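Participant: Following the hints, put chain B in place on chain A, whose structure we already have.
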Amino acid sequence: ELKVEQNPLFLSMQEGKNYTIYCNYSTTSDRLYWYRQDPGKSLESLFVLLSNGAVKQEGRLMASLDTKARLSTLHITAAVHDLSATYFCAVANAGNMLTFGGGTRLMVKP
Amino acid sequence: DVKVTQSSRYLVKRTGEKVFLECVQDMDHENMFWYRQDPGLGLRLIYFSYDVKMKEKGDIPEGYSVSREKKERFSLILESASTNQTSMYLCASSYLTGTNEKLFFGSGTQLSVL
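Chains A and B supply the protein sequences, listed in that same order.
Quick note on this note's numbering: the first sequence kicks off at 1 and runs consecutively.
Quick note on this note's numbering: the second sequence kicks off at 1001 and runs consecutively.
Honestly, the hints are just simulated from the structure, not real lab data.
It is possible that some hints are incorrect.
[Said to hold, decoys possible] Straight-line alpha carbon distances no greater than 25 Å define the calculated DMTMM-like cross-link-like pairs of lysine to aspartate or glutamate that follow:
| hint | chain 1 | residue 1 | chain 2 | residue 2 |
| --- | --- | --- | --- | --- |
| 1 | B | Lys1102 | A | Asp82 |
| 2 | A | Lys17 | B | Glu1062 |
| 3 | B | Lys1053 | B | Asp1038 |
| 4 | B | Lys1003 | A | Asp66 |
| 5 | B | Lys1053 | B | Glu1022 |
| 6 | B | Lys1003 | A | Glu15 |
| 7 | B | Lys1055 | A | Glu1 |
| 8 | B | Lys1057 | A | Glu1 |
| 9 | B | Lys1003 | A | Asp82 |
| 10 | B | Lys1102 | A | Asp66 |
| 11 | A | Lys41 | B | Glu1030 |
| 12 | B | Lys1102 | A | Glu15 |
| 13 | B | Lys1102 | A | Asp30 |
| 14 | B | Lys1057 | A | Glu58 |
| 15 | A | Lys3 | B | Asp1026 |
| 16 | A | Lys41 | B | Glu1072 |
| 17 | A | Lys3 | B | Glu1062 |
| 18 | B | Lys1053 | A | Glu5 |
| 19 | B | Lys1102 | A | Asp38 |
| 20 | A | Lys41 | B | Asp1059 |
Remember, predicted model here, so these are calculated numbers, not experimental data.
Only chain A is shown next, with the shape it has when bound in the complex:
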């Protein structure tokens, strides 16, 4: 059974600081996703990572994947208030179904 764990579950940080959210998963997978959810809104796709060593960046967010360690990271550089949201990672299993992590609620304080 595929299990996906994120940490931290809650993160409060100051604007301008850097931080990393971690996503560990328990079985081999060839696809990992990062989603963002704003309060009261639905999930928005951020990144799809398909291979070991994959790195994708958009703005202040950078996601990477290490399939050997079964670990993905979402790195936030010089955080701004607009990045406050809940971030989910999701891992695809062999049957093409996604298992989601518990989410990381990020609050960036001015």
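Facilitator: Leaving out everything else, chain B in the frame of chain A:
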């Protein structure tokens, strides 16, 4: 833009009622999904459908059923609602482009069962 529309944003129902949650997508996607979202548990898959009249159980199907009579519409049914089914329900649809499947989510239905 892909649009996934859930019919209700908020619903309040009583224990034992039959509840229908409707979801419609406008991009001719084959795959449709129902998740529930609970704090600290992330999203958990209830059912999914990969074609009209086809359905597969997800991780937590107990207490739920689904219906997909038309490609664009996927309904989640709570036959007899219980308080532990109070949750946020998210519908999603997807297409496959090689291995790069991408989910598009509706805005969710917050269901409260009293």
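Participant: Confirm or reject each hint.
Facilitator: Structure-based check of each hint:
1. Lys1102(B) with Asp82(A): 24 Å, holds
2. Lys17(A) with Glu1062(B): 44 Å, violated
3. Lys1053(B) with Asp1038(B): Violated, at roughly 28 Å.
4. Lys1003(B) with Asp66(A): 33 Å, violated
5. Lys1053(B) with Glu1022(B): Answer holds: Lys1053(B) to Glu1022(B) is near 15 Å, not above 25 Å.
6. Lys1003(B) with Glu15(A): Not OK: Lys1003(B) and Glu15(A) at ~33 Å, beyond 25 Å, violated.
7. Lys1055(B) with Glu1(A): Holds, because 20 Å separates the two Cα atoms, which is no more than 25 Å.
8. Lys1057(B) with Glu1(A): The given pair, whose Cα atoms are some 15 Å apart, holds under the 25 Å limit.
9. Lys1003(B) with Asp82(A): Holds: Lys1003(B) and Asp82(A) sit about 24 Å apart, inside 25 Å.
10. Lys1102(B) with Asp66(A): Distance of about 20 Å is within 25 Å: holds.
11. Lys41(A) with Glu1030(B): Holds. Lys41(A) to Glu1030(B) sits at ~24 Å (cutoff 25 Å).
12. Lys1102(B) with Glu15(A): Roughly 31 Å between the alpha carbons, so the hint for Lys1102(B) and Glu15(A) is violated.
13. Lys1102(B) with Asp30(A): Holds, at roughly 14 Å.
14. Lys1057(B) with Glu58(A): Violated: Lys1057(B) and Glu58(A) sit about 35 Å apart, past 25 Å.
15. Lys3(A) with Asp1026(B): 32 Å, violated
16. Lys41(A) with Glu1072(B): Holds, at about 22 Å.
17. Lys3(A) with Glu1062(B): 20 Å, holds
18. Lys1053(B) with Glu5(A): 34 Å, violated
19. Lys1102(B) with Asp38(A): 19 Å, holds
20. Lys41(A) with Asp1059(B): 24 Å, holds
The structure is inconsistent with the numbered hints 2, 3, 4, 6, 12, 14, 15 and 18, although it conforms to all the rest.
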